[in-house]
Structures are given as structure tokens and as C-alpha cells.
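K.L.:
Here are the chains, one letter per residue:
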Amino acid sequence: MDALIAPLLNGSAQGALLLLAALGLSLTFGQMGVINMAHGEFLMIGAFAAYLVQQVITASNLSIPVALPVAFVVAGLFGLVLEVTIIRRMYRRPLDTLLVTVGVGLILQQAALQIFPSQGVPVEKPRWLDGQLTVLGYNWPLRQLFTILLATACVAALSAWLKYTSFGRRIRATVHNRDLAETSGISTRTIDRLTFFVGSGLAGVAGVAASLIGGTNSQMGAQYIIPAFLVVAAGGIGQLKGTIVAAWAVGVALAFFAYWTTGSLAQVLAFILVIVFLQVRPQGLFTVRTRSLA
Amino acid sequence: MSNTSKRMRALTATGAIVTVALVLAGCGARAGDDAAAAGSSAAASCVDTSGDTVKLGFLNSLTGGMAISEKTVSNVLHMAADEINADGGILGKKIEYVQEDGATDWPTFAEKTEKLLTQDCVAAIFGGWTSSSRKAVKPVVEKLNGLFFYPVQYEGLESSPNIYYTGATTNQQIIPAMDFLAAKGVKTLFLAGSDYVFPRTANAIIKLYAAKLGIKIVGEEYVPLDKDDWTSQVAKIAAAKPDFIFNTINGSSNVGFIKAYYDAGLTPAKTPIISVSIAEEEAPAMGHEVTGNFASWNYFQSLETDTNPEFIKSWKAYPNSSGVTSDPMEAAYISMYLYKALVEAAGSFDVDAVNAAAKAKPITFDAPEGKVTLDGENHHISKPGHIGRINADNQFDIVWASDKFIEPDPYLEGYDWFPADIRKQLTDAAG
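As you go down the protein sequences, you meet chains A and B in turn.
Taken in order, the first sequence gives residues 1 to 294; the numbers are from full-length UniProt numbering.
Taken in order, the second sequence gives residues 1 to 431; the numbers are from full-length UniProt numbering.
Treat the hints as calculated values from the structure; they're not laboratory data.
One or more hints might be untrue.
Simulated pairs of lysine to any residue, SDA-like, Cα-Cα distance not exceeding 25 Å [as the list claims (entries may be wrong)]:
hint, chain 1, residue 1, chain 2, residue 2
1, B, Lys-270, A, Ile-272
2, B, Lys-359, B, Lys-270
3, B, Lys-227, A, Phe-146
4, B, Lys-207, A, Leu-129
5, B, Lys-241, A, Thr-152
6, B, Lys-270, A, Leu-133
7, B, Lys-227, A, Val-276
8, B, Lys-316, B, Lys-340
9, B, Lys-227, A, Pro-126
10, B, Lys-187, B, Lys-359
11, B, Lys-227, A, Val-252
12, B, Lys-227, A, Phe-286
13, B, Lys-227, A, Pro-117
14, B, Lys-241, A, Ser-264
15, B, Lys-227, A, Leu-113
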């Protein structure tokens, strides 16, 4: 039983972290078409924000819940500044955006290296995440359950926001048809900024989750950026549900491959799977249905 | 409307290209690829020591992934050079250093080595961390007959007339750790490592020695160096219930491993870890979750030797200091003083004269880890073996020490359980 339960549960948690990292991208890349390579560094900013919050609120039971909204706002503000200063000049020039944001990412990494101890900083896990939950004989670390709950909460909040608020409706209108949205009086500039703020903020939340799983240091963002882009592409660009399914599938595939083979081979196999899938179905899992012929 | 799906497709394509390009960039840099190509014909040395200074090169990754470790080595090299200068220099000449950034890119290490030797005309180069960086530098220093001082424990099976190794080779770190485990009565061992040459070679040696010691290897897991999530592998370790875990993981991935270990409810009381890459620098990033586990090194900040208190004091006072001393940085500190001793014994900065002096009589240095002696043949140094246990301050309590300084044996020729064919196979595989 362990042979099925452990990889399934661990894979779901791995998928949840991937989803958290990809959620913001599904907005900025999926909805706005901006290839932001500094997204991983926004994640890093979120993790360092969690560390800084812990310097002020030393009880880790309290500091992590406080760190989540703080990381969201801090990473979001970094995103906003990036959008206002650089990215807005580059809409419809995806390759230029790509190159510029790679540079921004490197600058942020080096800044973190200069400011914080080079080996990274500790982010303490709340005491209430100590321990395991026994599921069919497997002792499942509670922290994994936390990652899944956090991802679920973020998805629910984001979907509700997109669906029920006027901002959400305006974002969707802008994505579906920017010109028409503008004609009907929507300020697409404001919408772009807000979307970028929320997308970057979500990276910050992912950073807090990542700080509880791996190291918090200047290099941490790099390991999430490629899988996150792959997940968004595999899910179908602009499709939240696609991102969710793809992240979960990649996470579970990674865990099963890791269980059957080795950790290194699992990375290769899981991403070969994604690439083959994209060959067969380049539009991803789900597509935006339009009446257009092209 | 028709633009929408076209744009989507373009985006998908762009995304795919970006992804492929980055993956290639990530793993494309192969050690020493253009090292040989970059070399000019073996020119006569352009080192000029006629003035009152001598130029030395420092080659460390100050940017990129390895900067988290190599920055400290660079800083301690500066400190050692400053100390020597304050003390009158080497052969009366002040050290003038040229700092280069290896940028965590192995071909860059090769290029910068050539630049330091042919354009800056340095008398010796200090630095490197990863084996890949050393293997990129090696063909260049050999071709141009330069000197390279390498300060990090590594997988052994190498010696070069142009390289001096001041970190441990396997018989000074891995083998003492195994002796410690055998003394503790460990029966089963799980091997966890990062996926590159050092852990693979170390584990090959561990498996051979474990067979000799009667320790059973109950599992072996590798995760790429740049991945932090160890949850799946730790689940396998928990299921295997080993007496001890031998950890050859390197870098930030260690933090993820320790967190996953702690999350799974594994404890040092039941399933302790012995590590070879967690030192005073790395432990603080793991907080209290690493407390109680073990590490095998030659130097610990907590060592009580005549020279260690002074070393710790100088480092703490040095600008940009990390505040704690550790094995690799101590080995870097040794490398600078070892070079000074070599040059003074040779009475010259000339590479051949230095190498001849190394062979002529034993060169020693009163290092913070104790009095080390250079082996003039294989260019490694003798070292004491120590096992430390991590305490609540993320410092190490010494729990075991080798009875004497261990002579370096990079090819493990003095160990009958290490067969010649495996030696050849591993040496060839390491390139």
C-alpha cells in the first residue's frame, strides 16, 4: 500500500507547490502574455519576506500566517514596479521582455546575495506543522498537507476574484479582447498593472511555501521557473483549470518516477512526458474557445 | 478575434523555446570544453617579480549559484594576503592580488585562468570549489605551467604537478567517517547524495569499504544539485529504517533534505545523519532541525589548537566576514600560507623551483587545524580526521578524532579493499 499512497500524497504536495509557483504565471504569462523570467526571484522575495517577518515576530506559530499576506504584498509591489518601469514598454514584444526579465532576475539574485548571508537564512516552520498524519499506514508529513491547503486556498481566492469581482470581469474582458474592452471604457492600463501585481504577489506566497520545503537563498527561484512555465504551457495558456491539472499531474508523475527510479531520472522522465504531451497537443490541456476560424 | 489563438500559439511556441534554451544553458556548460582550445602555445612565463610586489590571482565564483559558498573563500584569501602583507610579504615582496569571477561557469574558469596567467602574469592562482571548476582549470595550468591552489574536500583520484590540494581527499574525510560509524556499531547505512561526480565517487568508495567493515548498504538515492525537494527520497529512507544516513548532498539541496528528514519524523536519536558538506557556514540556514546530527571534517571552529583562537578572532574582525569559520575556508587560508612557505623554501616564485622545493624537504604550516605537512609527490597535505556533532548554536561538538594526522592518499593505494580495476574505472569516469 505504501508503494501507492506515499508517492500519491507526496506527489500531490509537490504538485501543489508547483501550482503555487505557476499560479502567478498563469496570470502574467497566461492572461497577459508577458514572459516574466524574474518570477522565480519574486518567489525568492516572498521567502526572504517570511524570514524578515520572523525577525520581528519570533514565534513561528504566528509568523508564518502573518508572512503570507506580507509576502504577497511585497512581491506584488516588486512586480508592480517592474511593470510600471519596464514591462509596459514591451507589450507585444515577448522576446525583449524575456531578455530584460532574465536580467532583472539576475540583478535581484545578486542583490539578495549581497544583502543576506550567502548560504541563505533559516525560515522556521510553525510548531503546528510538526508531526505526521497517518494515512493508510504511511506517515505523511503535515507540512505537505499545509502546502496543498495553501494552494487550494489561493486557487479558490483567485478564481472567485476573477469570476465575481468587477476587476476580475475587466481582466477577463481585457484578455478576451483588449480593443473591445478599451472601447467599452475599461482602463486596460490599470488592469494590466493590477494583474501583474496579483500575479507577482502569488509568487511571493509560493515563496513562503517554498521556504518551508527547501533553502531560502539567492538561488532558490531558479529551480521553480522552468517547471512553472512548462506547467502553464501544458495546462493551456490562459486556463486556470489547465494549470491546476497539469501541476498536479507533473507533481504526481515526479513522485512516482522518483519512487520507482531515482530522483535525477524522475526529473528527466517527468519533463519528457510534458514535452511529448506538448508535441501532441501544443495548445495544452484546455483551450480558450473562440468563434474565430484561425 | 482571429488574433487570439494565433497569439496563443505564438506564446506557446515562445514558451517552449525559452524552456529548451534555458534547460540547455543550465546543463550545457561542460568542464574544460574549451580549456584546451583556449590555450596558446606554452609560452615562457611572463611573471615579473623584479619590483617589490608579487601578483597572485584569486578565482572564485562571486556570481551565480556557487557564489553562496565561494564568496567566503574569496574573502578569506584576501584576509590571508592582507596578513602576509602586514607581516612583510613573501620573500620581502607584497602580494598584489587580482580577483576574478568564475561566475559558476566552468568554461569561464578556464578562460579566467588563462587570462590570469598570460595577461595578468600572476605567480599562482587560488580558488575554485566544484570539481568541475577544478577540472576546467587543470588542463590550462598544466599547459601554461602555472600553479593552482584548490581548497575544498573532493573525491580524490587526481594529482597534478600544477595543482596543490589543501582540502581533504577521500581517505581524510570519507574513510574516517566510516571508521567512526564502524566504531559506533552501525550495521545498516543509507546513502543520500547530490547527483554529480563527488557523491557518486564517494559512494562507490563507501560501498567497497562498507563491505569490508560488514556494514550493509540498504539504499542509495541521488537528487540533482539544483533541486531542494527531498520528500520522495526521504520517504524511501524512512521505509528502509537504516541505522545511519551517509549524506554527500551539497549546497542548498541540503536544507531541503534536512527539512524533509525532520518533517518525516526522523530523528538523530533513531536515524542519525553523517554529512560531509554541512559545516558552520551551512548549518545556520537549517535552523534547529539539523541539531544532533554529525559531520566529518578536518577542521571545526570548536577545535582547540594553538593557532585556532587567533584565526577565529581575525576572521570575525575581518570586513564582510560571515562570523563563523569552517573547513573549506580554513583550507583556503592554509593554501595561501602553504604557497608562502613553498616560495620561501624555493627562494623563488618560479613554478619549477617551487615544485622542486616541495619534493626536497617536508613543507609544514601551523594551521588552525594543527600542523599540516605537504606531500611533495601528490601535492596534498596531511590532515587530522574529526567528527563533530551539531549543537543548538549550530556549532560542532567534537565527538571523535583520528589518533594521528592522516597522510593523503588520493588514489587509495594503501587500502587493500580498493581494487586496481575500480580505481582505474573511477579515475577514467572522473575524467
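K.L.:
Are the hints correct? Go through all of them and say.
P.N.:
A quick look at each hint next to the structure:
1. B:Lys-270 <-> A:Ile-272: violated (38 Å)
2. B:Lys-359 <-> B:Lys-270: Violated, because 48 Å separates the two Cα atoms, which is more than 25 Å.
3. B:Lys-227 <-> A:Phe-146: This hinted pair holds, its Cα atoms lying about 20 Å apart.
4. B:Lys-207 <-> A:Leu-129: violated (36 Å)
5. B:Lys-241 <-> A:Thr-152: Given that 25 Å is the threshold and the Cα spacing comes to 33 Å, the pair is violated.
6. B:Lys-270 <-> A:Leu-133: holds (20 Å)
7. B:Lys-227 <-> A:Val-276: holds (23 Å)
8. B:Lys-316 <-> B:Lys-340: holds (23 Å)
9. B:Lys-227 <-> A:Pro-126: holds (23 Å)
10. B:Lys-187 <-> B:Lys-359: Violated, because 42 Å separates the two Cα atoms, which is more than 25 Å.
11. B:Lys-227 <-> A:Val-252: Distance ~16 Å between Lys-227 (chain B) and Val-252 (chain A) Cα, so the pair holds.
12. B:Lys-227 <-> A:Phe-286: Violated: Lys-227 (chain B) and Phe-286 (chain A) sit about 29 Å apart, past 25 Å.
13. B:Lys-227 <-> A:Pro-117: The given pair, whose Cα atoms are some 20 Å apart, holds under the 25 Å limit.
14. B:Lys-241 <-> A:Ser-264: holds (22 Å)
15. B:Lys-227 <-> A:Leu-113: holds (19 Å)
When the structure is compared with the earlier hints, violations turn up for hints 1, 2, 4, 5, 10 and 12 and for no others.
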